[in-house]
Amino acid sequence: MSKDLSKLAGIDDVLHDPETAHLMINLNKVLSRNDIPGIEIQTEELSDGVSIKMVVKEGAIIKKPVHLCLGITHTQAVQRILMDIIVEDGAKIDIFSHCIFPYGGDIKHIMNATAKIGRGANYSYIERHIHSPKGGIFIDTKTKVSLGEGARYKSDFELLRGRVGEINLDYEAECDARSVVEMTTKISGSGDDIIKTRETAYLVGEHSTGVLNSRIAVKDEARAEVYNKLVARAAYARGHVDCKEIVQGRGSAQAIPIVEVAHPKAHITHEAAIGSVDTKQLETLMARGLSEEEAVDLIVSGLLGA
Amino acid sequence: MEILKVQNLTLTLDGRKILDNLTMSVTAGRIHAIVGPNGAGKSSLAYTIMGLEGYRNIEGDIIFEGESIKGLSIDERARRGITLAWQEPARFEGLSVRQFILAAAKEKSTDAVKQALERVGLGPEYINRAVDKTLSGGERKKIELASILAMRPKLVMLDEPDSGIDVMSLENIFGAIKYLKQQGTTVLLITHSPVVMEHAEHAFLMCRGEILEDGPMEKLLPYFKGNCIPCRHKNQPELNGEFPI
Numbered sequence: 005m006s007k008d009l010s011k012l013a014g015i016d017d018v019l020h021d022p023e024t025a026h027l028m029i030n031l032n033k034v035l036s037r038n039d040i041p042g043i044e045i046q047t048e049e050l051s052d053g054v055s056i057k058m059v060v061k062e063g064a065i066i067k068k069p070v071h072l073c074l075g076i077t078h079t080q081a082v083q084r085i086l087m088d089i090i091v092e093d094g095a096k097i098d099i100f101s102h103c104i105f106p107y108g109g110d111i112k113h114i115m116n117a118t119a120k121i122g123r124g125a126n127y128s129y130i131e132r133h134i135h136s137p138k139g140g141i142f143i144d145t146k147t148k149v150s151l152g153e154g155a156r157y158k159s160d161f162e163l164l165r166g167r168v169g170e171i172n173l174d175y176e177a178e179c180d181a182r183s184v185v186e187m188t189t190k191i192s193g194s195g196d197d198i199i200k201t202r203e204t205a206y207l208v209g210e211h212s213t214g215v216l217n218s219r220i221a222v223k224d225e226a227r228a229e230v231y232n233k234l235v236a237r238a239a240y241a242r243g244h245v246d247c248k249e250i251v252q253g254r255g256s257a258q259a260i261p262i263v264e265v266a267h268p269k270a271h272i273t274h275e276a277a278i279g280s281v282d283t284k285q286l287e288t289l290m291a292r293g294l295s296e297e298e299a300v301d302l303i304v305s306g307l308l309g310a
Numbered sequence: 010m011e012i013l014k015v016q017n018l019t020l021t022l023d024g025r026k027i028l029d030n031l032t033m034s035v036t037a038g039r040i041h042a043i044v045g046p047n048g049a050g051k052s053s054l055a056y057t058i059m060g061l062e063g064y065r066n067i068e069g070d071i072i073f074e075g076e077s078i079k080g081l082s083i084d085e086r087a088r089r090g091i092t093l094a095w096q097e098p099a100r101f102e103g104l105s106v107r108q109f110i111l112a113a114a115k116e117k118s119t120d121a122v123k124q125a126l127e128r129v130g131l132g133p134e135y136i137n138r139a140v141d142k143t144l145s146g147g148e149r150k151k152i153e154l155a156s157i158l159a160m161r162p163k164l165v166m167l168d169e170p171d172s173g174i175d176v177m178s179l180e181n182i183f184g185a186i187k188y189l190k191q192q193g194t195t196v197l198l199i200t201h202s203p204v205v206m207e208h209a210e211h212a213f214l215m216c217r218g219e220i221l222e223d224g225p226m227e228k229l230l231p232y233f234k235g236n237c238i239p240c241r242h243k244n245q246p247e248l249n250g251e252f253p254i
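Sequence lines, in order, name chains A and B. Count along the first sequence from 1, add 4, and you get the number used in this note's numbering. Count along the second sequence from 1, add 9, and you get the number used in this note's numbering.
Any given hint might turn out to be false.
EDC-like, lysine to aspartate or glutamate: derived pairs with alpha carbons at most 16 Å apart [said to hold, decoys possible]:
(1) A:Lys284 x B:Asp141
(2) B:Lys234 x B:Glu207
(3) A:Lys148 x A:Asp196
(4) A:Lys223 x A:Asp246
(5) A:Lys284 x B:Glu97
(6) A:Lys284 x B:Glu207
(7) B:Lys14 x B:Glu102
(8) A:Lys96 x A:Glu62
(9) B:Lys142 x A:Asp282
(10) A:Lys284 x B:Glu74
(11) A:Lys284 x B:Glu102
(12) B:Lys142 x B:Glu127
(13) A:Lys146 x A:Asp174
(14) A:Lys190 x B:Glu102
(15) B:Lys142 x A:Asp180
(16) A:Lys120 x A:Asp180
(17) B:Lys142 x A:Glu275
If you are wondering where the hints come from, they were derived from the structure by calculation, not from laboratory data. What you are looking at is a predicted structure, and each value in this text was computed from that prediction instead of being measured.
Given the sequences, and given the hints that come with them, work out the whole structure.
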């Protein structure tokens, strides 16, 4: 079981590296873990999931990314993950989270996460999903992040393999002075997939910075609703919202950008593009001999970084 | 040997004739220039030969290697060996230079990508860069030309190949054009620049959607410099009686 998940996640080597921390969970069971100095991890198996508490100790620099593998190898199940992460002052950690649901049907993955990033600390979180091509998966993820003075937080959410099913993503960050938040979401939907994403950042400290990026592609009957909210409430707070959605076939997409500035010395910019593939891009690739379908696939894969 | 023949080509956009009963014959294996003032229809002619959207509803015919290509899509024309480099190349967010060049390349290898880049004066450090707004217009122009070198087409139309290119890099562009010819590619340079025109062997003089004259570059260059560039009646050749060709 653990072999299936690690193989799909492509982390077989990582699991045997004593210097790399990892935690592998299938449904509500911890299958394997490796702890390293600088990080304290506590887990508790619940009836329908796992509670994870992670503390990165003050000043600890975790050199290799920590791998979390959250899987469900059932066709019908609910998995609830509660995750609290504290990155203490001056610490640095990169977490690579592999969410593997290879056998769709009636799968629910519900995650409630909080992260507290201390002064001058640095936390990056990559969440990569691999889903069954059959669909039948429901994802509901809520993450709340608070950034201390001078802290940095970067999140990358990616769901490009398999069918989305239905997804509700909700990321929210509050940024103290001189902190930096950057959130990116990349999702490719097809069939009758439903994609709902919310990225919100409150820049409450002076000189804080926020960037919210969304890259969504929908085709067939898939629908996407992308909500980005960036609020600047302090002097010299700077932010940018960038949303691009490519719509093919009978897919549909909606972008709701909200930019709010509540200080005369703050500044936020916004750009959004929704629609079919750019004609010039398409014609350039077709003029090199690619069929229309091949050209669209290449353009979309570039946009999504696939 | 003729590679391309355009016969009585008329293109009307928004009720205005952009190409007017235009006929031209392009000899294979040579570098040709299509010269004329802005608005003469040079780019429209290239877009029509390539079959771009909005440029397909035409009268007349386009014959490539003896067969009409009028009914073919862009990619079908490209697979026959025709391609086009835009004056302002497209940006591709997230697409690497390597992916972009390989998409066109005959030989699907990193070495082929490196060689094509080298021909246009770019080093291997460009391979993993994205073809997006982080590159200057001139860099994107060179990368587009590199993709054409890798494609090895039979006929390439280069629309304003010098635009956005700094003086230092112009020699790379002209070198790449010469290399295309050496590889057997027929080159059509779309330009209003005498400097670019000088790199052609043969030229077509275009004005208001028509080819007014064609002949050896050496013959048309002095006329273009002396008469077309200072012309007071741009795209009104009938008023230009003071400068008969």
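(message) Output the indices of the hints that this structure fails to meet, ascending.
(response) 3, 4, 6, 7, 10, 12 and 15
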